[in-house]
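Each protein sequence line maps, in turn, to chains V and W.
Take the first sequence: its letter number 123 is residue 123 in our numbering, and every next letter is one higher.
Take the second sequence: its letter number 21 is residue 1021 in our numbering, and every next letter is one higher.
Among these hints, one or two may not hold up.
[Unchecked claim] Looking from chain W toward chain V, a few residues come up when the C-beta cut is under 8 Å (computed):
no., residue
1, GLY1030
2, ASP1049
3, MET1051
4, PRO1054
5, ARG1058
6, LYS1077
7, LYS1079
8, TYR1080
9, ARG1095
10, ASN1099
[To be verified] Here chain W is said to cover these stretches of chain V; the calculated rule only asks that three of the stretch's residues, wherever they fall, bring their Cβ under 8 Å from a Cβ of chain W:
no., stretch
11, 34–47
12, 251–259
[Stated by the list, open to error] Counterexamples of contact, computed for chain V against chain W with all Cβ distances above 10 Å:
no., residue
13, GLN58
14, ARG117
15, PHE140
16, PHE159
17, MET377
Just so you know, the hints here were simulated from the structure itself, not pulled from any lab data.
All C-beta atoms in this analysis are idealised placements derived from N, C-alpha and C, irrespective of residue type, glycine included.
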Amino acid sequence: MTFDMKTAIARWRAELGASGSLFEADLDELESHLHDHIDALGEVGIHGEQAFITAVEQLGESTALAAEFAKVNPLLAWRAALFWICLGFLFILGGYPLLELGIRAVVSGTAALHPGRTVTQLAVWFTALGAPVIVLTLVFRLARTMVFDPLPWARSRVFRVGLIVAASVLMLVAHLGLHSGFLTRLESRWGSEAYLADWLNAWRVSNTALYVLTVVVPIQLGIAAYRQRARALGGDRNAAPLFWLAIGLFVGSVRCELHNFVYGAAVTTGGFAKLGPSQMSALVWIATLACPCALFMTTYAYLRHHAPGPSQLLRARAPMLGLAVSGTLGIGAVFFAGALVRRADQLSDEVLFAASDGWIFSGILMSVLLPLVIGTMVLRLRSAARLIHAE
Amino acid sequence: MKARPIPKELVAASATPLVLSILAREESYGYAIIQRVRELSAGRLEWTDGMLYPILHRLEEQGLVKSFSGESETGRKRKYYRIQEKGRRALDVQRAEWNAVNAALTLAWREA
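Start from the sequences and build out the full structure, keeping to the hints where you can.
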């Protein structure tokens, strides 16, 4: 077989690129170096395959080279892990409003149909606690089947754009539906006293179930992360993506809790400072929007400048400890925020309404913007996740 | 007798000041920088060629050098590097450090 320089260089480039640690520009630069060296060898009478082999050897072994580049491009090394983290985060982001809608539907439905106390309780507990736990278990099952080629149907551009638009519209509708009073008006049509009493009872049960869910989900995800980490350390290559997925789901669920906590803390602070309605609204807006932005930016800066590679972080104990601490904090925050907001009930109605409007609308803004940002990231990072695991 | 290549710890430590010194003279590109290092060290500083690029990229990230695209003699696209003012200052500092090490060793050997 005759040696073809073009094919040989293309193959060498593809192999190095598959490591996922080099930008296209890095590959361009190395390829240009290879050409320079091959040209120089040609001048001393070394041509063809011999020149190619010498130049590639002198350039360095691919794995060592990729490792060196991974140190300068930490974000690149993080792409695959980030894909799974964002996917998990996105799932909770979309799932939570759907869960709220589902609970609302069950509460209204049981109040309208009067199926009896036991059935109502069972239905509410199942929707608010059982269903999410089952869904999360299924998510891991599904993810395991596509570790090597995640979201295969996202190859189509129409699907990608459609998904993001649909997710944002869905979020907007869910939030406006939940908070604009549309559902309340619909429900009050049935408005008999028996209906209202039943509705309130079912609503209280669902609140209790949601509190339990707040405790159960971080524990479930913590255990999942722990198990996948153990499998990854045991040499199972399918486990690392699932570990990062668990982290993403975990961060997503703790985020919902922290959002409430930030609101509670802002309202209480504003209460102590005796803020007027418009000041209170501004404070809530700033706090609920600035906190996630600050979190996002510090994470980015950390990954960009200081972070060890994802595989090192997976091995380290600190992230597991961080998981336990943030889980505990998140759970604590929910109960603490409840107490804070009760305290804030001493505020005047006007101030309280301003605060809750700020909270609701900043929440709506976030729930439309976040799926857009995170969804775009997921789709952009998908090919990196596939490349790195397909090595 | 052919001189032994310099151990890799020393190669790594001297890489940054060497690259900065070469770029302080004139702007250059990866392959030419490596050739220049070989010339300067009479072949005793053995670099694995590819390792130069992460070093260059780190220097660029620190703002010591700046890259720009140009063309080779044959019209191929090529990435060139140019030293920055910050890079010249860093080089001055490193030169003082290496001179101090050199002076200490020279003195120690003279006394020996």
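Checked hints:
At a threshold of 8 Å, the smallest CB-CB gap from W:GLY1030 to chain V is about 5 Å, leaving the interface hint in force. Of the supplied interface hints, the one on W:ASP1049 holds, with its beta-carbon coming within about 5 Å of a beta-carbon of chain V, less than 8 Å. Interface restraint check for W:MET1051: the shortest CB-CB distance to chain V comes to about 6 Å, inside 8 Å, so the restraint holds. Nearest Cβ of chain V to the Cβ of W:PRO1054: about 5 Å, under the 8 Å cut. The hint holds.
Hint on W:ARG1058 holds. Least Cβ distance to chain V is approximately 6 Å, under the 8 Å limit. Hint status for W:LYS1077: holds, given a least beta-carbon distance of 7 Å to chain V, under 8 Å. The beta carbon of W:LYS1079 is positioned within 8 Å of a beta carbon in chain V (closest approach about 5 Å), and the interface hint is therefore held. This hint is violated: W:TYR1080 has a C-beta 11 Å from the nearest C-beta of chain V, more than the 8 Å allowed.
Hint status for W:ARG1095 relative to chain V: violated, with the closest Cβ pair at about 25 Å, above 8 Å. Because the closest C-beta pair between W:ASN1099 and chain V is about 29 Å apart, greater than 8 Å, the hint is violated. With a threshold of 8 Å between beta carbons, the proposed coverage of the stretch 34–47 of chain V by chain W holds, since 5 of its residues qualify and at least three are required. Only residues whose beta carbon comes within less than 8 Å of a beta carbon in chain W count, and the stretch 251–259 of chain V has 0; fewer than three means the coverage is violated.
The beta carbon of V:GLN58 is not kept farther than 10 Å from every beta carbon of chain W, the shortest such distance being approximately 5 Å. Look at V:ARG117: its CB is around 65 Å from the nearest CB on chain W, clear of 10 Å, so calling it non-interface holds up. Distance to chain W confirms V:PHE140 as a non-interface residue, since its nearest Cβ pair spans about 37 Å, more than 10 Å. Separation of V:PHE159 from chain W is adequate, the least Cβ-Cβ distance of about 35 Å exceeding the 10 Å criterion.
Annotated as non-interface, V:MET377 keeps its C-beta farther than 10 Å from every C-beta of chain W; the closest such distance is 22 Å.
The earlier numbered hints that this structure contradicts are 8, 9, 10, 12, 13.
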